[in-house]
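**Q** Required output: the full structure, derived from the provided sequences and hints.
4 protein chains.
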Amino acid sequence: MNSQPAIGTEEGLWDRTLRRVRRVWPLGTRGALRDAVDPRLSQDDAARIRRQIDACLEVRGGEVSGRARAAELGETYLVLNADGRRRFLEILARDYDVDSTVIDRAVQARHDAADTESRRRAEAQLRELLQAPRVKLLAQFNALEAGVKFLVDLRAELIPLARQDAELKALDRDVHRLLASWFDVGFLELKRITWDTPASLLEKLTEYEAVHAIRSWHDLKNRLGDDRRCYAYFHPHMPDEPLIFVEVALVNGMAGNIHELLDESAPVGDPERADTAIFYSISNCQAGLAGVSFGNFLIKRVVSDLTRELPNLKTFATLSPIPGLRAWLDEQLASASLGLEETEAQTLLELSGESSMPDSFAKLLNRRGLTRDEELGKVLQPLLMRLAARYLLESGRDGRARDRVAHFHLSNGARVERLNWAGDLSRKGIQQSAGIMVNYLYKVSDIEKNHEAYSEEGRITASPQVRKTARG
Amino acid sequence: MNSQPAIGTEEGLWDRTLRRVRRVWPLGTRGALRDAVDPRLSQDDAARIRRQIDACLEVRGGEVSGRARAAELGETYLVLNADGRRRFLEILARDYDVDSTVIDRAVQARHDAADTESRRRAEAQLRELLQAPRVKLLAQFNALEAGVKFLVDLRAELIPLARQDAELKALDRDVHRLLASWFDVGFLELKRITWDTPASLLEKLTEYEAVHAIRSWHDLKNRLGDDRRCYAYFHPHMPDEPLIFVEVALVNGMAGNIHELLDESAPVGDPERADTAIFYSISNCQAGLAGVSFGNFLIKRVVSDLTRELPNLKTFATLSPIPGLRAWLDEQLASASLGLEETEAQTLLELSGESSMPDSFAKLLNRRGLTRDEELGKVLQPLLMRLAARYLLESGRDGRARDRVAHFHLSNGARVERLNWAGDLSRKGIQQSAGIMVNYLYKVSDIEKNHEAYSEEGRITASPQVRKTARG
Amino acid sequence: MNSQPAIGTEEGLWDRTLRRVRRVWPLGTRGALRDAVDPRLSQDDAARIRRQIDACLEVRGGEVSGRARAAELGETYLVLNADGRRRFLEILARDYDVDSTVIDRAVQARHDAADTESRRRAEAQLRELLQAPRVKLLAQFNALEAGVKFLVDLRAELIPLARQDAELKALDRDVHRLLASWFDVGFLELKRITWDTPASLLEKLTEYEAVHAIRSWHDLKNRLGDDRRCYAYFHPHMPDEPLIFVEVALVNGMAGNIHELLDESAPVGDPERADTAIFYSISNCQAGLAGVSFGNFLIKRVVSDLTRELPNLKTFATLSPIPGLRAWLDEQLASASLGLEETEAQTLLELSGESSMPDSFAKLLNRRGLTRDEELGKVLQPLLMRLAARYLLESGRDGRARDRVAHFHLSNGARVERLNWAGDLSRKGIQQSAGIMVNYLYKVSDIEKNHEAYSEEGRITASPQVRKTARG
Amino acid sequence: MNSQPAIGTEEGLWDRTLRRVRRVWPLGTRGALRDAVDPRLSQDDAARIRRQIDACLEVRGGEVSGRARAAELGETYLVLNADGRRRFLEILARDYDVDSTVIDRAVQARHDAADTESRRRAEAQLRELLQAPRVKLLAQFNALEAGVKFLVDLRAELIPLARQDAELKALDRDVHRLLASWFDVGFLELKRITWDTPASLLEKLTEYEAVHAIRSWHDLKNRLGDDRRCYAYFHPHMPDEPLIFVEVALVNGMAGNIHELLDESAPVGDPERADTAIFYSISNCQAGLAGVSFGNFLIKRVVSDLTRELPNLKTFATLSPIPGLRAWLDEQLASASLGLEETEAQTLLELSGESSMPDSFAKLLNRRGLTRDEELGKVLQPLLMRLAARYLLESGRDGRARDRVAHFHLSNGARVERLNWAGDLSRKGIQQSAGIMVNYLYKVSDIEKNHEAYSEEGRITASPQVRKTARG
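Residue numbers (our numbering), protein chains in the order written: chain A, 1 to 472; chain B, 1 to 472; chain C, 1 to 472; chain D, 1 to 472.
Among the clues, some could well be false.
[Said to hold, decoys possible] What the simulated footprint calls covered on chain B by chain A, stretch by stretch (three residues with Cβ under 8 Å from a Cβ of chain A suffice, anywhere in the stretch; the number is not a length):
(1) 45–52
(2) 56–65
(3) 90–104
(4) 375–384
(5) 405–415
Everything labelled a hint here was simulated from the structure, so no lab data went into it.
Note that beta-carbon positions come from the ideal geometry of N, C-alpha and C, so glycine has one too.
**A** Structure (structure tokens):
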């Protein structure tokens with residue numbers, strides 16, 4: 001997941017963000033509060049914020065006025081600096097949580113309910129009371145121009161603050177629940193991204209790409225060529241902001257090397273003749289939507305759309321990194337549990353000229369070692385491929401795959417299909433995945449079965465070839 | 001509120017509705033269930049429906065498969081006839097409500113919670129458990145083509161069934177809550193309707209108009225002329241379906257007669273020179289959104305938009321019926337509490353040739369009496385205007401205005417501005433409102449004050465003129 | 001061809017048309033001329049108009065100013081009444097034609113040209129001089145808002161005036177040539193018209209329909225149902241104005257009766273199962289485009305589009321009136337050249353009780369005779385069908401079909417396929433076509449051959465069945 | 001004017017261009033010709049091309065078939081290589097020109113015409129005959145997908161070939177005339193270009209920019225910032241291809257330095273507070289539209305639009321190069337007519353260490369000289385500014401300004417407002433304009449007057465300041 005720019009930095013905020021606030025509501029003294037507060041939110045300001053929140057929640061002056069006040073609160077948030085925003089969030093977290101005392105009474109009422117009707121009434125009341133007042137307030141920020149994006153960005157700022165504060169954490173859970181209902185996949189729209197897409201949106205892809213960084217506009221154009229596809233999910237109230245996007249290459253045969261896919265000088269293939277769609281990059285775009293997942297739906301919608309558009313496509317697979325591999329190798333080395341054969345260990349020590357295995361590994365596993373040194377390659381390749389296969393196929397104690405990318409695709413019903421030596425020799429590729437890439441295969445007829453096997457029994461499905469590699 | 005066509009009648013359903021179901025999800029055996037059920041939903045079918053619901057709720061085969069199953073359930077509903085649909089709804093109502101036993105336990109846990117953290121955990125669990133499983137299911141119907149409209153129409157069918165069935169009533173409350181969150185006014189779009197709007201949408205206005213029936217396309221075109229405005233709220237997922245719309249006439253001075261406004265042969269005025277906007281018809285369009293209110297927001301948004309577009313406009317008022325007037329008059333007559341002066345009563349008896357007051361009133365209050373008979377008019381006009389003013393200005397015992405239209409506008413902060421004798425001489429106008437119409441004035445600077453006076457203290461604001469009329 | 005409303009009538013013109021004139025050009029004293037002229041165009045005004053035209057043609061003050069002046073002239077035309085407009089057109093016709101004297105000189109120069117280069121130069125000059133100054137002026141009216149429509153409407157007004165005036169006729173030829181280049185079919189867009197089309201555009205179809213009048217919005221909606229298609233050509237600069245449109249019914253088997261096609265209560269067929277497309281109405285919409293033909297292209301584009309959309313369609317044919325039949329019959333009767341057999345003539349006289357054949361025919365050929373009277377039908381049907389077939393199959397002396405509709409379709413390469421007794425029993429159908437309708441068949445593989453046979457040799461292609469009917 | 005990529009190179013043409021040819025016409029054996037020809041157009045092919053052209057011009061098989069054949073000819077052109085295309089164009093040039101012999105006869109007929117009517121008929125015939133058959137053919141290429149662009153690109157290829165061939169030159173004049181009528185400014189649309197414009201279109205701006213090259217996407221984004229405006233003209237049948245575009249900076253006071261305007265790190269100004277709009281780059285985009293001018297209209301439309309959008313703008317001016325300055329200086333030096341004072345000449349010789357003035361100038365006028373060397377600057381600035389002012393203010397013998405950019409703006413009614421020393425120190429700026437830039441002022445009220453003075457009398461309008469500089 002990529003971190004994205006926050007709602008707005010202090011500088012230039014008055015000049016830019018506020019200009020586009022929607023004048024939706026005809027009533028009230030819009031702007032008075034916003035214009036008066038100190039960016040750091042003084043004690044006095046805090047008191048005024050509370051009064052404004054109270055007026056909103058009591059719907060003073062009618063519903064429309066209530067909305068106008070809520071919108072003004074939202075705008076006020078935008079003019080605060082980092083300290084001011086934290087104070088604002090703390091007010092919500094501490095003063096507008098559910099009311100424990102009245103819940104006590106409602107719980108008692110439910111407890112005492114004698115018949116169905118009074119039970120139902122007590123439950124309805126409990127349900128209402130368990131909705132924190134701040135949730136009602138936050139939901140009304142949708143009256144702001146770009147109000148949905150506003151709340152997403154507010155949460156992006158809240159998440160790091162919530163890590164060390166239980167009350168802010170509880171607030172975050174409320175915001176998460178609200179956003180999860182707004183961003184239900186049934187409300188989202190899938191759109192294809194092409195070179196005819198507005199430049200401002202393409203620029204965002206460049207910012208949000210989290211797997212293989214887009215190096216230039218030329219690189220980007222290459223990823224949107226005739227033999228490529230790019231799709232993103234959008235929310236109707238955030239039409240300029242992708243939520244998640246996937247990049248697909250249409251090729252012949254399973255691709256195993258990311259550099260070939262990203263080679264800007266490679267000839268453009270004919271999509272009508274391709275037999276395989278390779279999903280080589282999936283990036284979440286909105287930090288504020290952490291924990292609201294669409295990736296699963298995205299892949300399957302794209303499989304479905306591509307099948308219809310290009311009936312020649314027979315195989316759908318990813319080309320993925322194994323981001324946890326090196327960390328796991330280091331850990332195993334430390335505990336001497338790699339299970340190397342004696343001769344292997346001996347060779348590694350000799351080649352590296354080091355005396356301990358961890359040092360030896362660290363020295364050998366660099367770009368030079370993996371690509372240029374033929375002799376070293378002969379030793380390292382079978383060894384690392386075997387270890388990578390083991391890493392991917394053995395679940396951890398919690399019954400989940402160790403690798404987070406593996407877990408994502410296995411949960412979605414894919415299987416581990418093929419390991420590719422020297423598939424990603426970028427610095428990041430070597431540092432995280434020892435240069436190895438993996439294909440996860442999405443075979444439509446097996447997806448439910450694979451999913452059930454994995455999520456019910458923790459059983460990881462893999463091709464015979466990978467199983468064999470794991471056995472060495 | 002207008003009743004609108006239900007999701008589909010039995011006839012032609014297979015031919016029309018199903019054709020447009022979206023193939024969103026690539027997996028599963030879509031259509032098998034739908035194609036197999038009997039339209040009346042047999043016992044066996046009911047069992048299969050339950051199994052399908054259970055599979056959805058357990059998310060068997062993964063989230064995407066779960067959605068596909070939910071969508072199929074939705075489609076299945078569409079092929080049922082009235083009996084089948086009632087059975088389907090009863091299954092949801094009886095078998096997928098909240099689970100009383102587990103709530104008991106959760107209530108106990110909350111009761112026993114010793115510290116903040118365990119209290120929070122217990123509350124989160126309670127909140128989760130108080131969400132009925134059927135709500136989770138229904139929410140997923142948004143994966144259907146036109147899924148939002150689907151749920152709106154389902155509720156339109158549910159409402160009449162729920163009147164005599166407490167369990168269906170509880171289901172209706174769940175659906176209402178779900179729709180209220182989907183249709184929050186912050187998510188809606190205001191659009192102007194003109195003669196350039198697609199005919200298919202204009203045709204719907206004709207169906208939905210609930211105040212002054214649209215008699216012909218010519219009548220409709222006249223209501224969309226240069227000196228008129230028509231605005232409607234739309235949901236982004238129901239782009240072809242208005243939720244509520246308002247018709248406005250741009251005139252000079254406060255209009256008091258609906259026939260003049262609807263006269264198709266009247267010359268078209270110049271909107272730039274108009275000083276008054278008359279809201280002469282507001283209609284809700286979706287029976288399934290009963291209890292989800294937008295009228296309040298609609299009026300004020302339109303006031304705001306018109307103010308910007310046409311700065312010459314100084315006065316914003318309605319021209320409204322008094323739909324409860326005649327019923328109240330009859331009631332008062334029966335209890336002899338009209339407070340007529342002796343001479344008035346005597347004249348009425350003479351004019352009608354009847355011996356009792358109720359008979360006399362019933363005879364005189366018809367179209368002929370109100371329009372043609374000059375002598376009668378002289379007697380009736382002051383009398384009925386006085387009674388109408390009293391009816392509007394005196395709240396009932398619950399502190400609310402007696403008339404539902406009056407209650408709506410007073411809640412929104414309008415005031416009773418002017419009564420108009422012979423303002424609506426249509427059959428309906430005479431039968432309900434004794435031919436009288438009323439202007440409610442929306443004065444922006446007084447709206448909050450009026451609202452507070454009415455909703456806090458039950459105080460009805462009115463012009464001095466109307467007060468004077470009430471005093472006789 | 002339908003006559004359509006002219007550019008604007010005197011009444012309300014100042015209020016409406018002028019409001020929307022585009023302020024394209026930043027310079028000059030726009031509006032001064034227009035505001036000053038008398039609607040009848042006085043002598044003084046005429047002089048000012050000439051000065052303005054001269055300034056335009058000399059491009060005084062630069063090209064942009066020239067355009068602004070031309071636009072102003074166009075606007076000025078709009079405020080004139082019928083007399084004023086005639087005078088305006090006469091100024092163009094008499095004072096801004098080609099200059100005979102300078103052409104004389106240029107003709108001489110071409111005559112004297114000794115070498116290729118000087119010949120070319122002389123020809124270029126001649127070409128330039130043969131372009132009348134008024135054409136340069138009229139072409140510039142495209143700078144008006146809706147400038148293309150402006151010229152089309154100007155010509156609609158010019159055509160009737162030009163009938164008795166040779167100079168206006170010459171002007172009309174100039175305008176026609178200009179419009180023919182603007183409206184070349186390569187610049188037009190074909191659009192499908194449906195019930196989702198803006199009401200304002202659908203209303204125009206109702207006005208423009210020239211074959212089978214649209215009786216109501218319900219009739220119109222029926223013609224846009226699922227088993228119908230309606231297509232129109234548009235010019236990119238007249239997006240709200242159809243140029244020509246065709247109505248198509250998707251049916252099984254060749255339709256022979258227009259009442260069945262227009263029956264609003266008939267069930268809606270499934271377009272995917274239809275095997276025949278019946279073109280039952282083609283209407284030109286713009287009187288000002290008389291002589292600029294698109295009908296030919298329209299039919300073939302629609303055949304092409306429908307073939308792609310609905311591969312089940314195998315047959316493309318019209319259901320057409322025979323508008324010249326009755327007039328021809330009367331003429332033949334007058335010259336006693338109908339070639340009736342003695343017994344036929346005798347029966348007709350008896351049935352009618354008249355003593356002469358023309359009287360007899362006139363009496364029998366009415367709605368009653370053609371529909372209700374069985375005995376009469378038995379006599380009339382074979383007789384009239386034989387005569388209709390002869391009328392359609394025998395060309396006139398000019399080698400063209402006698403009937404104008406027949407000529408149109410035969411020129412386009414269709415063949416006379418089938419005659420339909422009692423196919424159109426409307427008043428117009430009986431008065432023009434003796435109630436008979438004809439199908440012209442468009443068989444793609446024969447179109448070129450049929451066209452060549454007809455236009456080169458005047459040979460009319462027909463089905464064996466129709467040939468047989470003609471022989472009697 | 002920028003040269004742009006031709007219609008298509010040989011490589012990849014079959015794969016790409018042809019894929020998108022529109023299947024407009026349902027008839028005929030489309031593609032047969034195109035698929036058969038040799039890319040170099042053999043003798044046999046040439047004969048077949050001629051037969052196809054003849055069939056088109058005779059409209060064999062009807063109008064629709066004729067169009068289909070013309071379209072096929074167009075497609076055939078696309079598959080030819082450079083040699084083949086030249087041959088194709090030569091066929092049009094030599095075999096389908098006007099027919100001299102029949103023109104002879106028509107000229108004679110016009111000569112002999114005795115009355116108005118026969119004169120008119122003769123003129124109509126001459127007009128028809130003076131239209132070369134190839135023009136009728138080329139006009140029909142609009143039936144191709146992107147047919148308008150096709151002809152524009154064909155002319156872009158024709159222009160260089162026509163330079164040394166009188167017959168191709170005559171063909172070019174025909175194509176030019178056709179395009180000039182299609183691209184009349186009244187048919188064009190002005191659109192604003194922003195960062196939200198599709199990337200594919202923005203990429204074209206980068207290609208077409210002819211004044212100050214766009215160095216990167218970041219540079220481009222900067223030119224589309226809040227304090228910038230970019231507008232382009234488009235033809236409705238070439239929606240993805242700008243015809244001409246202008247870049248405008250919104251600043252305070254007259255800008256004199258292009259580097260400041262293009263500085264990507266400069267802060268973004270507030271457009272609402274700017275008082276001056278600087279047109280700093282105007283580029284024609286279509287080589288095939290050489291000689292069809294829109295620049296004049298573009299500037300004034302943008303002035304008009306900006307005035308409406310931003311009423312604060314008071315001054316509209318360009319910041320322009322003086323591209324002919326250096327060449328003129330060199331010429332003057334060669335003829336010793338620079339009119340330097342003795343001391344100036346002496347100083348220059350000393351500073352440069354050269355013995356002749358031309359050598360001296362050449363040495364001093366380089367980037368270093370103009371920027372860094374203070375002493376040299378003191379000498380050069382007054383000298384060069386005086387010479388530049390003289391160059392701009394004195395017309396040539398033909399009564400036109402010597403500088404082509406000056407001529408363009410003076411024709412449009414601007415005046416020479418200010419010279420800016422060191423306004424453009426790029427390599428090109430120094431090589432062409434000696435680093436000097438000039439502002440041409442567009443004062444709306446003076447434009448017509450300035451234009452007339454310049455085009456009627458060759459009088460160049462300039463500010464007093466520039467006049468003074470010229471006097472030295």
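**Q** All the hints need checking, so say for each whether the structure fits it.
**A** Cross-check of the supplied hints:
{"no.": "1", "hint": "45–52", "verdict": "violated (count 0)"}
{"no.": "2", "hint": "56–65", "verdict": "holds (count 6)"}
{"no.": "3", "hint": "90–104", "verdict": "holds (count 3)"}
{"no.": "4", "hint": "375–384", "verdict": "violated (count 0)"}
{"no.": "5", "hint": "405–415", "verdict": "holds (count 3)"}
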